[in-house]
Structures are given as structure tokens and as C-alpha cells.
Amino acid sequence: MADKPIQGEKRMFMTGNEVCAYAALAANVDVMYGYPITPQNEIMHYWTRLAPKHNRTFLQTEDEISAGFTTCGGVMSGKRCFTATAGPGNTLMQEAMSMAEMMRIPAVFIIQQRGGPSTATVIYSQQEVTMTCFGANGEGLRVVYSTSSHQELFDYTIKSFNVAWKYRFPTFVLGDGYQAKMRESVTIYDPEVRGIKMVDTYPLVGLPGMPGVDRDPAHLRNTYNTEEELYEVVKDLVDAYEKMAPEIVEHSTMECDDADVVILCHGIVSRAAIEAVRNLRAAGVKAGFFRPITLRPFAKDALRPIAEKAKKLLIVESSQGQFAKIVTDALYGLTTPMETIFKPGLGITSDEIVNKVKAMI
Amino acid sequence: MSKLVKIALAGEGGQGVQSVAEIITEAANEEGKEALYIPNFGVEQRGGVSIAFVQISEKEKVGSPKFEKADIVIALSDRAVRRCAQYVDGNTVFVYDTAIEGVEDDLPKGAKKVIGIPAIETAKNELHPRVFNIIIMGAVIRSTHVVSEDQAKKALEDRLGYKFEQDPKLRELNYRALERGMQLVESQL
Amino acid sequence: MTVATVLEPKMPKCWRQETKPHKFCPGCGHGDILKALGTAIDELGIQDRVVFGCDIGCSLLSWDLFNCDSIQTHHGRTTPVMTGVKRARPDRICIAYMGDGGGYAIGSQHLVNAASRNEKILVIVANNVQYGMTGGQMAPTTLPGMKTETSPYGRDPESTGNPTLGPEMVAAITPASAYVARGTMANLRQLTQMFKKALQNQIDGNGFSFVEALSACPTNWRTNAAKTWEFVEKEMTKYFKVGELKAPAKKEGQ
Ligand SMILES: Cc1ncc(C[n+]2csc(CCOP(=O)(O)OP(=O)(O)O)c2C)c(N)n1
Ligand code: SF4
Ligand SMILES: [Mg+2]
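Heads up: the sequence lines are chains F, A and U, in that order.
Heads up, the first sequence is in full-length UniProt numbering, so the first residue is 1 and it goes up one at a time.
Heads up, the second sequence is in full-length UniProt numbering, so the first residue is 1 and it goes up one at a time.
Heads up, the third sequence is in full-length UniProt numbering, so the first residue is 1 and it goes up one at a time.
For reference, chain F alone in the conformation it holds in the complex (with noise of 0.2 Å):
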């Protein structure tokens, strides 16, 4: 494409919801389809200034159970495409999302958690780890990535897009309102100046030629007649799935080696969790931190040798239980002792990581 709306790379400093639109410009993304909803909204709002100028569109549809379809079909037209909710606009998007893992439809979505049940706050929380992981009635064939500061947002929004046509699994940027509202500082590029190509993206209807005749129609469907029949098509989602699983899987740890206690959390409590190691060690206490970036797929082989080792683990989410749902899944048969700091809906700060493993030894 002639006009690159980034050029070369810059240092900014802006909202999460910014960062993402331009992550979205710099992929090349075609088209963006949403519903206003807290604290998502920015997305649109960047994304209606910069699209028109790039040569890209928008749709404003009338709720997010048409932004979550309208996505898949633009994508299955061959475009880059992607929504961006939260709350109760996840709930709502499910049914979309369970159509894109059924027919390997590569929908990118972000998501900026708010608090729930329900309307709940608009503010911020972790509570839509299950929902964004294993939403629908699906068997949870998505890549999810938890980020935790602009420069992941940036970065994995990027990226997500490649892992989405690479492999053809819907695909799940999991920020949340802290992320989208907050400033600090980033550095935005064109994706080809750190060597990034973007995966050619391709149709799957209205291809050339007269079906039936010069090439067989496309007729892609999502129901089945027998159970037999499903179960097929499902086993082979789900191989092709885990064959991709070791190609994608991310974590990250931090002095682990020798920790007496691993702190366990994901997305942005992970900043207070790093604080938390590094005061602890300070104090001369032997802290560790795992953190997985993909949710899904989760990064069970390199967390399973840290947890084994370490004398105790602490799971930190602000959500109650849904992250160690995941974690103690990953674990079972290990008899580390666990402990937990369970807030959901509500920010978690180094100081009460830190109290609590001190707590703990």
C-alpha cells in the first residue's frame, strides 16, 4: 500500500485505546465494525478520525451481536477486520465468536475488560478471562493474548492479525480499562521496519470464476447432520489446533531459578507483581513471577518444572478464580501449596503482593 500511515518508528504517548487503533492502522486493517461501549469507545473514536484518511471504513452497526457477525463476514470476504467490546458486549459477541472457531474464520476482537456480572462498572476487572478463553458453546479453539502495558497492546494487536490468518483461529487481544484509558509511553512503528510481514490475507467466498463450472462453489456451513459427522470436524479443529499450540504459546518469568515463592497473574497485575518480586528481593526474600501472555493456548509445559520446584505459589488475579481455574487445570497432580489473592473488579497494587508473600514464607 502507498500511504503508510506510520512511518519508520516513534515514541508517543497516549491512551491504550489509541494505541490500539493505530496497531490496527499499521496492519493494514481494512475495516473495523463495533458498538460503542466503556472503556472501549476510544477504539472507534481514533479509528472514525485516522480510518478515512488511510482509505479505510467503518461500520457502526446496532449492536455488538451484528459487529461480532458483520466482523466475520468481512473477514471471509477476505479482509482484514476486527471489533473491539467489553462487558456485556463480550457476552453478546459470543455467538459470533463461536461461529469464527466452528469455521476457522480468522476475526480478530479486542476486548477491555470492565467489572462484572452484568452492567456492572465500566472501569476495569479480569473477569472476562473464562468468557474471552472458553466463551459460547465451543470448545475454547481461540488464541488469547493477556497484554500488559501500551507497548504489548501495540505489539500483540500487530500480531494478532498474522496469528489470525496464519493459522485461521479467531483471535483475541484481552486488554481492559486500566490499559485502554491510561497514558504512558509507546513507540509505534511500521511493522516492516522490525522485519514484520503481514500474512497475506485471502477470500473465502466470491472468488473468480463461474462456480460450477470453472471452480467449485464455496459452501461453507457450521451445522452438522450426525453426531458422528461433528465429532470429525470437531477432532480436527482441535488437532489442528493443538499442532499450532507450541508455534504460539507465550510466558514470560522473572527470577524463578531460586524462588520460594512464584507469584502467578497475567495481563496488567503482572506490572504490580514485577514491582512486588523486585521490593521483595530487595528485602531479601526469594520471589519469582510467571506470567503467561497466551491464555489460551496456555503455556502449561513451562509453568509445570516452576511450579514443581517452587515451595509455594501465589495465584493474583482480579477476578475470583477465573485465571486459577486455568493455572490449577495446567497443575494437576502438583502438591505445591497455593495461596490466592482474589479481587475481582478491583486493582491489585505491589504492596498487598508484597505483604502477602511475606505472609507466606
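Note that these hints are calculated values from the structure, not bench results.
Quick caveat, the model's predicted, so the values are computed rather than measured.
Backbone N, C-alpha and C define an ideal beta-carbon position, used for all residues, glycine too.
Be a bit skeptical, because a hint or two may be false.
Below, in silico cross-link-like pairs of lysine-lysine (DSS-like), each with a Cα-Cα straight-line distance of 25 Å or less [unchecked claim]:
(1) Lys-10/F / Lys-113/A
(2) Lys-358/F / Lys-3/A
(3) Lys-343/F / Lys-61/A
(4) Lys-61/A / Lys-10/F
(5) Lys-53/F / Lys-234/U
(6) Lys-358/F / Lys-153/A
(7) Lys-356/F / Lys-343/F
(8) Lys-10/F / Lys-154/A
(9) Lys-286/F / Lys-61/A
(10) Lys-286/F / Lys-3/A
(11) Lys-147/U / Lys-163/A
(12) Lys-234/U / Lys-147/U
(13) Lys-356/F / Lys-124/A
(14) Lys-69/A / Lys-343/F
(15) Lys-153/A / Lys-10/F
(16) Lys-300/F / Lys-312/F
(17) Lys-356/F / Lys-153/A
(18) Lys-69/A / Lys-124/A
(19) Lys-311/F / Lys-325/F
On the chain U side, residues computed to face chain F include the following (Cβ under 10 Å) [to be verified]:
(20) Ile-56
(21) Cys-68
(22) Ala-105
(23) Ser-108
(24) Thr-134
(25) Met-138
(26) Thr-150
(27) Tyr-153
(28) Pro-157
(29) Thr-160
(30) Asn-162
Computed beta-carbon distance windows for the label pairs [said to hold, decoys possible]:
(31) Pro-337/F / Lys-69/A: 51 to 57 Å
(32) Pro-203/F / Glu-60/A: 44 to 50 Å
(33) Thr-130/F / Glu-121/A: 50 to 56 Å
(34) Asp-329/F / Ala-172/U: 49 to 55 Å
(35) Pro-203/F / Lys-59/A: 45 to 51 Å
(36) Glu-12/A / Gly-84/U: 51 to 57 Å
(37) Glu-235/U / Asp-239/F: 56 to 62 Å
Fit chains A and U with the ligands to the given chain F structure using the hints.
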């Protein structure tokens, strides 16, 4: 400044605390520091106290966006004074405006220092009510040293330059407000 | 402004004193519309039978506004919740109160189907031509050329259609026993009469009742009092004609 400074700025709707937070963090970012700013927001914000959570660090990325205790709290209304008590501990400098009435009993007891400044009055009598928040900005940068005076002026220029062009007196007014804000806390620190 | 101040001092009896002043911004239309609704409830003497449902949108700020049993539902779902209440308790008088986004975008399927089934409830849509609560995005009712957060260069009817005409649509799909009208915050006496007729229609067990009320959102419009009133009275009425579209044959002594 110390390695990491945590600031809570609180006031009523039109007092401009969010724009002060924005200008200061932008200025700090320009100086190559790591800054993080998040406003409070919610469904019933209209009519509620407006709070800006600001953190500025010399080098390291800032941790969690909200904090338990602030190094400096600036409270600009009676409700803000009461609301901000939760961010105060023995290391906190608490700044409030002396024009706020009926808060004597609500001023935090355990703070490192409680400072009253006549910012509202200074804006009204000496300068212009419009630059009230710039006085506050001066008070913040003088008491925390999170950005230099020059950088603060540059940030004002970046933001309001187009207005200054039309009316150079406005530039002078803003600069004076900044300086007055610095003076107001100077003697009490 | 004059219209509002004339009626200002009187607070409807069915308003809950303890929760006043209400939570809407100064100059917001919601407060005026709900005052007209309160007056209608008072005059019909039905406070003890009303179940009030509010949507998510700035209407949610009315969750404790009345001394009536009230339910805050989800964005767009107030119509089905109140339908459910009415079907289970036909002796109750059910009011579903929402914004134009809640009524004509996310809740439009419910509006269409409740109207088609001629549900014996009253649906009120406060039309302020955009999404107030979420900070001023385009709504189905946004006027052509109007700038909003998601139509920053002005609404283009070519790509986003023309403003939704709610009462006209409802009138087209309801039987003769429905009551359908469009009122405005600029004429609260008329609006109160509309609410009374609409509620009476429900009390009489006739059918669906629907009132759209033209409303103001000075906060997101960024208008002063004078501009706000000019917009409601002059600009909005170019697209949204005020008046009754459907009124079942009058009954006793009106
Ligand atoms: C499923 C869902 N999607 C989106 C939202 C976010 N939301 C809250 S209020 C609102 C729009 C409000 O506009 P309107 O209905 O016109 O009411 P107003 O505030 O203008 O009175 C939206 C989109 C939500 N709460 N739930
Ligand atoms: S934002 Fe608009 S609709 Fe909402 S309360 Fe304020 S004036 Fe009313
Ligand atoms: Mg509205």
C-alpha cells in the same frame, strides 16, 4: 526528584485537574522520563469528584496504574479533601486550597505535611480564574520536581501555542500562573 | 429554558424525595421527561401499581428516581423485561424507559416484536439523537451531517442511512388498539397528556403504547441553554414531527 513520584490530584468537574495531569505527564515524557496517568471514570462521574492518578519515574516503567498511598495529594474542593484521605500516609504531603470551607476537621492527621495554599484566591484576584489549574500545576512541579520549569513551559506552549499566537498576553498570564503556583508552595515545603 | 423554569418548583408526588436532586446533568432532557411521566402517574393515581423499568444509557440514572418499584435492566433489554413482568402480573402497569440507542439500535428487535404482539406495556424512548452515557457516539437517530464521536466528519446518510423514525415505524406495525405518539421536552404539558393517554391505554387493556420524547443532551452536544433549546425545537423537529400518530377511540369523559 526521587526515583518514583506518585501524585493524586482531585477536584470538582470544571477545575481542570485532568488537564494538569495530562500536561505534566506529557512534559515528563518529553524529558525522557516514564510517566503514567489515569483518570478515575465511571457511570456516575457527572457530579462526582474528579481524580487524576499520576506516576512519574526517572527511568523504570511504572508498575500498577493506581496506587494505595501518594507522595503528594492535591485536593481542590471539600469533597476532594474527604475523598483523598485514603491516599495519605506518613510520607504524604497534602496540599489543599485555603478557600475551601468547613474542612478543618477533615484534613488528614497522619500526613507528613499539610499545606494550605490560596490558589483559588490568587487566580481570582491577581491573575484570571481561567489559569487556576496552571497555578496548581506550578505547585505540583515545585513540590515534586517531576519536571523542570522550562519543560513545563514548553509543555504549555505545545498545548496552548496556537492560542498564545493569537494573544501573546495569554502566554504571559499562563507563565505567571505557573510561577505563582511554584511560589505558593515554596515557602511551606 | 423558560418552559423548564415555569414547571421547575413542582416535584411530582411519586418522585422519591430522598434521591433528589436527580443525577442527570444540568439541562438534560431526561429529568424533564420523567417529571412529565411523574405528573401523569400522579394524575392517574397509579403510583402503587407501576413497575418502572429503565435501560442502560443515561436512563439508568433513574433507577431510584421514583417511589415506585423499579428495575434497572440491560442496555436494550428493558422492553422484554417489562413484557415478562406484565405477562406474569397483568394487574401491574409496566413502563419501559430507555434512550434512542437502547430503543432503536440494540433493542430494536424487542421493540418491533413487542409492538407486533401488541404487548400491553408502555415503552418510552427519550430521543437525544446520540449515545449520551457512552460519551456522544452516533445513534440511529443522529441527524444528517451531525458530528458525533463516531461520525467525526458528520453523519453521511449515503453510508449510514437516515434518522430512524420510531413512532412512524411502530404505528405501521401495530393494530388500531395501540397508542403511538411523539412528544417533546419543549412542551411538557402536551407530553404529560400523551403519557396519560398511553398509560390509560394500558390500564384499559387495549394494547401497546409507545411515546418518543425529543430530549436534550447539552453535555455531549456541547451547547449552552439557548443553543440546546434551539436544537430541540428547530433542528430536531425538521426530522421528527411532534404529535399523535395513533390514538385508540376515546373512552369515557376525555
Ligand atoms: C450490551 C451492551 N452494549 C453496549 C453498552 C454500552 N452502552 C451503555 S449506554 C449506551 C448507549 C446509550 O445511549 P442511549 O440509549 O441513546 O441513551 P442516552 O444515554 O443517550 O440517554 C451504550 C452503548 C452496554 N451497556 N451494553
Ligand atoms: S450525558 Fe447527556 S443524556 Fe446523559 S445525563 Fe448528561 S445531558 Fe443527560
Ligand atoms: Mg440517546
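Verification of the hints:
no. : hint                              : verdict
1   : Lys-10/F / Lys-113/A              : 41 Å, violated
2   : Lys-358/F / Lys-3/A               : 24 Å, holds
3   : Lys-343/F / Lys-61/A              : 24 Å, holds
4   : Lys-61/A / Lys-10/F               : 17 Å, holds
5   : Lys-53/F / Lys-234/U              : 33 Å, violated
6   : Lys-358/F / Lys-153/A             : 45 Å, violated
7   : Lys-356/F / Lys-343/F             : 13 Å, holds
8   : Lys-10/F / Lys-154/A              : 20 Å, holds
9   : Lys-286/F / Lys-61/A              : 22 Å, holds
10  : Lys-286/F / Lys-3/A               : 23 Å, holds
11  : Lys-147/U / Lys-163/A             : 24 Å, holds
12  : Lys-234/U / Lys-147/U             : 17 Å, holds
13  : Lys-356/F / Lys-124/A             : 49 Å, violated
14  : Lys-69/A / Lys-343/F              : 18 Å, holds
15  : Lys-153/A / Lys-10/F              : 23 Å, holds
16  : Lys-300/F / Lys-312/F             : 17 Å, holds
17  : Lys-356/F / Lys-153/A             : 43 Å, violated
18  : Lys-69/A / Lys-124/A              : 32 Å, violated
19  : Lys-311/F / Lys-325/F             : 20 Å, holds
20  : Ile-56                            : 5 Å, holds
21  : Cys-68                            : 21 Å, violated
22  : Ala-105                           : 4 Å, holds
23  : Ser-108                           : 6 Å, holds
24  : Thr-134                           : 4 Å, holds
25  : Met-138                           : 6 Å, holds
26  : Thr-150                           : 5 Å, holds
27  : Tyr-153                           : 7 Å, holds
28  : Pro-157                           : 14 Å, violated
29  : Thr-160                           : 7 Å, holds
30  : Asn-162                           : 15 Å, violated
31  : Pro-337/F / Lys-69/A: 51 to 57 Å  : 31 Å, violated
32  : Pro-203/F / Glu-60/A: 44 to 50 Å  : 47 Å, holds
33  : Thr-130/F / Glu-121/A: 50 to 56 Å : 54 Å, holds
34  : Asp-329/F / Ala-172/U: 49 to 55 Å : 54 Å, holds
35  : Pro-203/F / Lys-59/A: 45 to 51 Å  : 48 Å, holds
36  : Glu-12/A / Gly-84/U: 51 to 57 Å   : 41 Å, violated
37  : Glu-235/U / Asp-239/F: 56 to 62 Å : 60 Å, holds
Hint compliance for this structure: hints 1, 5, 6, 13, 17, 18, 21, 28, 30, 31 and 36 are broken, all remaining hints hold.
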